[in-house]
Structure formats: structure tokens, C-alpha cells
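Peer 1: Chain by chain, the residues run as shown.
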Amino acid sequence: MSNNFKTFTNGLLKENPTLRLVLGTCPTLAITTAAINGIGMGLAATLVLVCSNVVIAALRNVIPDKVRIPAFITIIAGFVSVVQMLVKAFTPSLDAALGIYLPLIVVNCIILGRAEAFASKNPVLPSLLDGLGMGLGFTAVITIMGAVRELLGAGTLFSFPITSRFISPMIIFLLPPGGFFVFGILVAVSNGVAKKQGKKPVERLGCESCPSKEMCANAAKISGEVADNE
Amino acid sequence: MNKVTFICSILLAGILTNNMVLSKFLGICPFLGVSKKLNTAFSMSVAVTLVMVAASAVTYPIYHFLLYPKYAYLETVVFILVIAALVQLIEMVLKKYIKPIYNALGIYLPLITTNCAVLGVTMLNIQNELDFVSSLFNALAAGLGFMLAMVLFAGVRQKLDDADIPEFLKGLPITLIAAALVSLSFLGFAGIGG
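Those sequence lines, one after another, are chains A and B. Just so we're aligned: the first sequence equals residues 1 to 230 in the numbering used here. Just so we're aligned: the second sequence equals residues 1001 to 1194 in the numbering used here.
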């Protein structure tokens, strides 16, 4: 039981997919213009992650090793389509806010990364908890980031006016540069906390847990970027 | 608007005002991961552009003749599989027939399969209801925009190596803040091309 609990909290804090593994950067930067978008995107991705982890864990002895990546992608794409239809039907405003980033959950490296690193090697229950923990960790971080950008860029929080009456909002935080900047500061803060706890700060993108790590490493080796990957 | 001006505006928007990486946040992984060296950044973007145009050419007929309107909900599943197969095919053809190009770009091709920029372009083509020719130009513009961002950012990062950076910003944070500044400069193009 305690082991399962550890698997669950692993994704929330110790190996937070966004801040510690640095995966799924595209939606993190793109849709965090409002806190509510963060919750919506996060929960949609969590649902896909939990379902695909469970199915992949259940089929882990059936799927041949050589075709596992295409098989994983097909399973994930199936669940993404389900979530896409659910969001379109029940929360059309969220569908409009997330736009093309909703179907793009299919190429979110968190999901393929967890399938490859965890679900393909573990039984169903731990995989479910891993998916849930990772998904909620992702949701928490993008919601915080959405809240920061919304507060600074529009002066509101979950659409309630907070500072917009006293300070004129800095719209730049809602524009693309604000996304890069806020995420940079968040990673710096998370690195600082990790350092205090004696852990290694994140130096680069989440290559360690990325499904295409080996291919990237090969590409880098051939083009002479070896020193960079050490 | 006639055809030529429309295509020109697509090209301008894709490269400058609606840049794939800097304003739509698609393809952030290669943008931050493979942009350390100028030549790597350039080769990677050439491969991405090639796959984007090929993927748009293939997904357009599939969507309009096979999927739409009855099976439009299968878009996500079908597109990702088609792109994965297409990348494999391009790799094999290049390996067999055009060895020099394969040697230069081959190593980047497998990385592109799960690149959200490629899937993103094919989906935007459908979403914006572009016709076949405009789709191809949209993909080309997205690829060139990606290339511009990658090459510019590789230059910035090479300078960054020699800079004196505060301890807490070292590594990924300063890279992201540098990206914010590059993206800020692209905001200056807003409004060009209508």
C-alpha cells in the first residue's frame, strides 16, 4: 500500500513531469493564459494519461517490443479522440480556448514518456496511480502558471477581478514572450528548491524520460554535440 | 483577395507574424533541445520543413476524400499514424536513392514523428479550411518560420555560452528567458500582411 502511495506522490512532487522532468512544454507554454485553461488542459491530459497507462499496462505482455511505440501512439490517439469529443460536447467554451492543443495531447511527451518508462513495465494498479499522480502534477503546475500569467496579464484570477482595478495589467504576460518568461522563472524557483533539498537542478529539457531520447542522443553524437549531453 | 496575394500573406504570416515556435509554441522540444549548434539547428529545420510539406500533401486528400464528413472524428488517430508511416517511408527512400541527403538529415527524421509542429500544421490546414495549394504553402511557411526561429536562437545560445549568468538562472531558465526575448522581438511583426 505504501508503495502504491509512493508511486502516486512521485508524479506530484519528486518527479513532477513539468518542472522536474520538463516534458510537455508545448501546452505548458501555449494554453496558460488563464488559470481555468490550465485546469481544463490538465484534467483532459490526466484522463488520457490514466486510461492509456491502464490499457498499456494490461497489454504490456501482448504488444511486441519492436512495434511498441506505434502501438502506444494508437492507444493514446484513441483516448485523445474520446476526450476531444467529450470536451466538445460538454464544455464547448473550453474546447474553444484550447483549440488545436486539445488534439495535440496525442504528441504530449508526458503521456508517451510514461507509457514507455512506467506502464510498459508495471502492472495495472501502479500504472493507474502513476498516471494519476503525473497527470495531477502536470495540472497543478500549469494551473499555477496560468494563475500567474492571468493575474499579471489581466489582473484577474479565474475571471474574478483582483488587481485590475488598481493596477493596469501588463498584457505582455498573456502574449507568447510572457509564457517563456514565466516558465523560465518557475523552473528557476523549482531548481532552487531542489538544490536546497540536495537534488540536482534541471539543466536542460527532459531528455532522460523522453521516449525519443536515444534517437536524440544519436543525432547529437553524429553532429558533435556530445559534450553538451554529458 | 486573389490567389497570389493570399499565398503571399500565408507565407508572411507563417514565417513572421504567426511563427510556429515563437507565437504558437509548437515544436518547443527541438527548439530548446537541438538549437545549441547552428549547423544542427539548420539541418533539423530542413528535415522538419520537408516532412511538414509532405505530411500536408498526404493528409489533405485523406481528410477530404476519405474522412470528411462521416469519419471526421478519426482525424487525430489517422493523421498521427499517417505521419509516422510517412516519416519511415521518407527515411527509406532517402537511404536508398539520395544518399547525401540521407547522410545529412537521416538522423533527425525519426525525431520528427512525435513532433507536435508537424501534426499541428496538418490540423491547422484543416481547421483554417485551406485548399490543397494553400495547405502546401502554409506548411512551407511554417517550416521556414521554424527554421528562422531555430537559426536565430542557435545564434543567441552560442553567445549565451560566454555570458556571465546568475547562478540560479543557469541552464534551462536562462534559455527560456532568452527565448522570451527572441519571441518579444517577433511581436514587432504583428500586423504585417493583414
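Hint data in this document are derived by calculation from the structure and do not stem from the laboratory. Incorrect hints may appear among the rest.
[Said to hold, decoys possible] These stretches of chain A come out as covered by chain B in the derived footprint (C-beta under 8 Å, 3 or more residues): (1) 34-46; (2) 76-89; (3) 107-117; (4) 148-162.
Backbone N, C-alpha and C fix where the C-beta goes; we use that ideal spot for every residue, glycine too.
Peer 1: For each hint, tell me whether it holds in the structure or not.
Peer 2: Status of the hints after comparison with the structure:
Residue count for the segment 34-46 of chain A with a Cβ under 8 Å from a Cβ of chain B: 0. That is fewer than the three needed, and the coverage hint is violated. Judged by the Cβ-Cβ criterion of 8 Å, the segment 76-89 of chain A is covered by chain B as claimed, because 6 of its residues qualify and three suffice. Counting residues of the segment 107-117 of chain A whose CB lies closer than 8 Å to any CB of chain B gives 4, which reaches the minimum of 3, so the coverage claim holds. With a threshold of 8 Å between beta carbons, the proposed coverage of the segment 148-162 of chain A by chain B is violated, since 0 of its residues qualify and at least three are required.
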